[in-house]
Amino acid sequence: MTGLRKGRITRISGNMVTVRFDSPVMQNEVAYIQHGKERLKSEIIRVRGNLAEMQVYEDTSGLKINEEVEFTGDLLSVELGPGMLGQIFDGLQNPLPDLAAQCGFFLKRGIYMEALSGSEAWDFTPVAKAGDKVRAGDKIGFVQEKMFRHYCMVPFSWEGFFEVVFVEGPGKFTKNQAIAHLKDEKGNVHHVSLCQRWPVKIPIRAYREKLKPTEPLVTKMRLIDSLFPVARGGTYCIPGPFGAGKTVLQQLISKHADADVVVIAACGERAGEVVETIKTFPTLVDPKTGHPLSDRTVIICNTSSMPVAARESSVYTAVTIAEYYRQMGLHVLLLADSTSRWAQAMREMSGRLEEIPGEEAFPAYLESHIASFYERAGLVRLYDGALGSVTIGGAVSPAGGNFEEPVTQATLKVVGAFHGLSRSRSDARRYPAIDPLISWSKYRSFIDQEQKERGQWLLRKGNDIAQMMRVVGEEGTSLGDYLDYLKSEFFDFVYLQQNAFDPVDEATPEERQSYVFAFIDEIIQSDFSFSNKDEALHFFQQLRQLFRGWNSAPWQSEEFERTETEIRALLAERTKAG
Amino acid sequence: MQKFYSNITQIVGDVITVEAENVGNAELAQVITRRGTSLAQVIRLDEKKVFLQVFAGSRGISTGDRVRFLGHPMRIPTGEMLLGRIFNGSGSPLDGGPALDENLVEVGGPPVNPVKRIIPEKMIRTGIPMIDVFNSLVESQKLPVFSIAGEPYNELLARIAIQAEVDIIILGGMGLKYDDYLFFKETLEEQGALSRSIVFMHTAADPIVECLLVPDISLAVAENFALAGKRVLVLLTDMSNFCDALKVISITMEQIPSNRGYPGDLYSQLASRYEKAVDFDTAGSITILAATTMPGDDVTHPIPDNTGYITEGQFYLKNGVIEPFGSLSRLKQQVNGKTREDHRTIMDTMIQLFAEYRETLEKQAMGFEMSAWDQKLLKYGRLFEKEMMSLEVNIPLEKALDLGWEILHQCFSPEETGIKRSMIDAYWPGTHEG
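So the protein lines, in turn, are chains A and B.
Mapping to the numbering used here: the first sequence position 514 is 514, numbers consecutive.
Each number in the numbering used here corresponds to the 1-based position in the second sequence with 1000 added.
In short, the hints are calculated from the structure, not lab data.
It is possible that some hints are incorrect.
[Stated by the list, open to error] A few chain B residues facing chain A, derived, Cβ under 8 Å:
hint, residue
1, 1097
2, 1365
3, 1369
[To be verified] Non-contacting residues of chain A with respect to chain B, defined by C-beta distances greater than 12 Å in every case (computed):
hint, residue
4, 114
5, 118
6, 125
7, 127
8, 205
9, 209
10, 426
11, 440
12, 453
13, 454
14, 513
15, 514
16, 549
17, 555
Glycine included, every Cβ here is placed at the ideal spot set by N, Cα and C.
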């Protein structure tokens, strides 16, 4: 497909235009609509006869019939190379700060900028040498990007083996300068530079094998790590009605999760939430590395008022960037908020294409699209033996908070952990509002299995008793049952609930979780003696208050030790008497 | 110079189809009929066919009528001249004043670049404790008031319009009863708030297409003021009528409906309006409060459901009061840590205890014996409802916090509240004197 191929608009409906063409076109090919001086990016999503239907990544007002369209021959791609960490892109990988510098307050349509700066020079250090045999994904050298060695690799799209003919010595290079020459099996020489392009909708597969995720990815959220853990290279979803705290939870995880790189895809959600991340991350220091959190974060931001088609592509852009960093042997966490908005973008396009609708008017291919997106997560062994992973956490916004709806159901089929948020928990201000009675995880927790099961058993029992008490009243409940109910409430209040606005309580490291969980397990198993229910209630209220203070005391601080002594003294009084 | 087209080939609902050339998508046109001239907007182009949504409705349009394209999208005058004025959904004056055509800006402009927004941090005081204490309203926030028909949501909005500490109020009415229109007009006039207000009013009797325009023109005008450094509060009532108008048009255009007849892009349509709420890094701000009536008091209905996912919280108006459960201001944490140090403590404690009170009420209703603790909760709940929840209460935040401590003091001992010891020592009534 060479030469300039062009077409003309015959129909405009919302963000979909139909184009008549006379030379071959490719499905998912990128094209530009020429509107006066503006060039609007669009993508072919269906071809019928000599008409191509395209989704336009921009507002279509003012477009006219017969305007010219230029096909590019490329699939929608992103640029991969040093300079992405700390950056904020839109769904098409336009750097938003650069757009703001050029256009001011508003996102003017038709303005596309280089994703990575062409003028910035990076200090390159070679690792490959002349004569080496390499293939796609192998490391040629590295540059220092923030705290990481950012490896420059043989482009993933190159097939077969190559011989290194020449590698530049240490020195400064910009992204498009050649740093190595490689010879393919036919003897042709190719140039490798610091950056490469990759089509977003195709997974990067330059690794030896995909492994089963086993190591936990510590999020420092007690409820998640202890009861419903996430594994490195695994997947999880957070469905919940609005106001249940999905986004706050995702934000906390993005801050505290034990990952090397975090990619945040703000997909069709509120701009305000992204702004908070954008503005606070540069000021927060990651205790693990001592660098600002923004140094390990890439934000893909296509908020709800930005064009719908770009929203659809934003999750792919995000996962491609995540895969790219994985190829360097890093552990990457991708947080997509919200995958429902992405599914709705598909629905909008499907509606405009007048496809036969499936359930709730979502297209029939909804499930397969969701499945193939989550399948891009995984723990992989690279060609050089190093491990890298992409973990995907997707927020889901089910219509009406009803988990039976298509997007939630399609997601549940393919993820490894389910953190279901419930309205009743959030109404009762029990945060995080993950409902321990409906959530599950297929991954192993670092908490002792027996202790964990006892905790979950207690929560179920406590809930049963609470249900029963609603019918028979407190007076109809035995003291033993009432005590189990109080214990389960206590467990919920002081361990499962976590105060996101307390600097200590908001993140609990693995060691502290194991320690506290074991202590609580002791309390759960203790026999207490009370003469009546009011006494028991009063005791647990006291215990709860002490524990709350304990939760906000720094780990192993003097205050921590002192409160623990106080708690143990209070417990001793009650257990001794019995 | 401008060409007239007279080949109207189709009239369905309020959408007409005319054959014309060189027409831009979303462009404005005039339809000249015997009944007068109406504006119309291009909503779809298909070869030579141009689909126009006629603002005044299609009634009385004949296939021989003429259409003239204006070559520009919908525009609206802006600026200080608008203050104190009342317009309809197409921007024509309703108050007998002169029509304006200065400082025209395009309606429905591009979205704000997220990196040019700032983290909201300025509280808007309303004097209503259920808002100020428990769910503070924050500049640049977008909040719906969920309620059902018959609840005093318009009264609440009017009170906020009068009491809120902002520079400019823009009121967008959609599908309102004429009485409600008069109520707003009179209340704003009587309380002297009309001079800082601009009203765009669509009543139930007006053409449905004009209803669709109200949020767009209200927000375009608001944006213009915000860019000039003003703090603008936009009140929209009732957004459910706007959604229903969207439904009518999309069904007319034969779009496949997704849920209860609403178009699949309802979320995006609502989001593009609500997301106009903004705090610019070097200019003013737009805050949006929007009444949304829930058909059948069902929050899972597509309108409140989609709205809830877009907005930064919601107020539930139920039985004439702002219901503490379910009501949520997502941005309150940005401001309530900076008001007074006990603000969050009072907020959390009072709500948790109120939740327990509600459970006790249920138990009581089922005839169970009330324990000593239950009795305390009952006393607390009644005091809370009377002194905090009533919409009649109009007191500044600090007074409301003091009142909170007083109520707790009257009902509980300090440790029963679960409040941290340091807070009790500082604020529990009676402790500092003794």
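Checklist entry - Going through the earlier hints one by one, which of them does the structure break, listed in rising order? => result 1, 2, 10, 16
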